[in-house]
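Asks: Sequence:
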Amino acid sequence: MGESIRIPDDALARFSVLRQSADEASAGAIEALVREGGDRALNRVNVLEFARGRGLDEQKAIGAFLHASRLGIFDLSWNLLCPGCGGVLEANATLKSVRRTEYHCALCAAGYEPTLDEMVEVSFTVNPRVRRIAAHDPHSLSMWEYQKQVFWSSGIDLPEDKFEEIIREIVIDSVELPAGEKCILSVQLPAQFVIVFDPVTHATQFIDVKGEPTRDRQDVAMVFNKVQAPSGTLELRPGPLRLALENRADVRVLPALFIAGDALHELLGKRKEFLTAKRLLTNQTFRDLYRTDTLDVDQRLGITSLTFLFTDLKGSTELYERVGDLEAFELVKAHFRTLNEVVAMNAGAVVKTIGDAVMATFPTPDRALSAALGMREAMRELNDRRGHEDLLLKIGIHEGPCLAVTLNDRLDYFGQTVNIAARVQGLATSRSIFATRPVVDYPASAQVLGESGCEALAQQIALRGIAGEVAVYEIPWNGPVAGA
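With the sequence shown counted from 1, adding 1 to any position gets you this note's numbering.
Hint data in this document are derived by calculation from the structure and do not stem from the laboratory.
Certain hints may be false.
Claimed, not checked - Below, a list of computed lysine to any residue pairs in the SDA-like style, where the Cα atoms sit at most 20 Å apart:
hint	residue 1	residue 2
1	334	393
2	61	285
3	61	339
4	183	209
5	163	146
6	315	388
7	183	243
Go ahead and model the full structure; you've got the sequences and the hints to work with.
Replies: Okay, structure coming up:
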């Protein structure tokens with residue numbers, strides 16, 4: 002943290018609104034960051050790291066940054082990442098901009114189909130009307146600050162104290178080349194694999210240096226423009242290299258010759274957890290604030306793993322008949338409020354309600370299982386207060402791949418995983434929770450079950466519309482019954 006920066010009056014008013022709409026501790030930490038944080042700390046903020054460093058609840062911190070984004074304090078960015086090197090292949094102001102079926106990383110010479118799990122990072126950068134930082138003009142950044150703040154994602158764990166030392170070890174030479182200019186780099190090639198890489202245009206040249214050393218000069222030419230040509234590999238011998246560089250792009254380029262050895266791989270292999278698009282889409286605050294701003298109607302994005310929880314009220318028709326429409330309606334509303342609270346507490350989001358049923362998503366199976374147990378206990382408490390078993394909740398959980406889509410003007414999900422989750426919920430006839438094997442076998446689920454004192458009972462069941470039998474686990478109720 003440095004000296005406090007003067008914030009414009011209109012921005013101060015936004016902070017006042019933020020304190021009223023978001024978690025107080027998180028809102029205060031965000032304001033302190035804007036006032037006192039260094040430029041780099043305000044660019045592509047890793048919310049999970051921010052929360053942990055300040056002892057904040059992750060979910061509340063995410064919610065606070067979403068509110069701050071809606072208020073114009075921060076700009077939200079959806080960054081397409083290379084799973085290999087952690088580089089940002091494309092930065093987008095909205096998820097609607099993610100269109101391609103495959104993204105190619107020139108540095109890794111690999112193509113990837115975009116998924117919302119680990120390939121899309123969500124980060125936050127302070128809005129320039131609130132505070133100007135160097136990253137608002139990225140081409141004013143020094144070469145290595147550009148690499149840190151623009152090319153590499155917030156998930157790369159770069160060592161602050163030894164970074165320059167590592168760069169000296171892995172970089173043979175580098176240059177800042179203005180638009181329209183040319184230059185020559187004369188270097189000695191070691192007997193190692195070398196990569197010439199520019200993080201601005203993503204232009205890459207691989208050089209496999211091997212064989213007997215030579216004293217003869219070897220020549221290589223590279224042209225930088227906005228066309229990303231396929232990366233090729235040249236075979237050269239250890240010895241002198243004359244590298245001719247020409248910048249035909251309309252911005253400066255920052256090419257460097259990297260030794261692709263253990264030191265580079267170790268640098269890029271150190272990762273920290275970051276906020277993924279999948280996790281954000283399962284955040285209730287995000288769904289409430291952004292609603293239909295997420296995906297276009299014809300857009301389909303894959304998620305390799307998402308956990309679905311379906312609920313339904315047993316005997317709701319009889320409930321309306323027995324206690325009357327008004328009282329039954331108030332009971333059902335109370336049940337929805339409770340379920341929404343439990344879902345949000347477990348890092349999930351309610352996708353939609355259908356009659357008396359709820360469809361919710363969670364980033365991991367253990368969170369969904371914890372929510373299911375919490376829902377069941379919450380319904381018991383509601384029934385205890387009434388002294389009657391009015392609200393019996395049927396719950397089913399399943400985890401697997403799916404597609405994120407827009408249906409009926411809302412973010413929704415499509416695929417067999419969703420179908421199975423709904424079918425599993427249909428198995429429930431009492432307070433028992435039904436979950437599939439991927440949910441129960443998830444490593445953290447064992448701890449959730451153990452802490453609750455519940456046991457998962459396995460069975461093989463044929464589900465309507467699903468080929469073959471499915472391994473399903475019943476988690477029976479072992480508590481008291483209201484009015485008994």
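Asks: Compare the structure with the hints numbered earlier in the document and write down the numbers of the violated ones, lowest to highest.
Replies: 4
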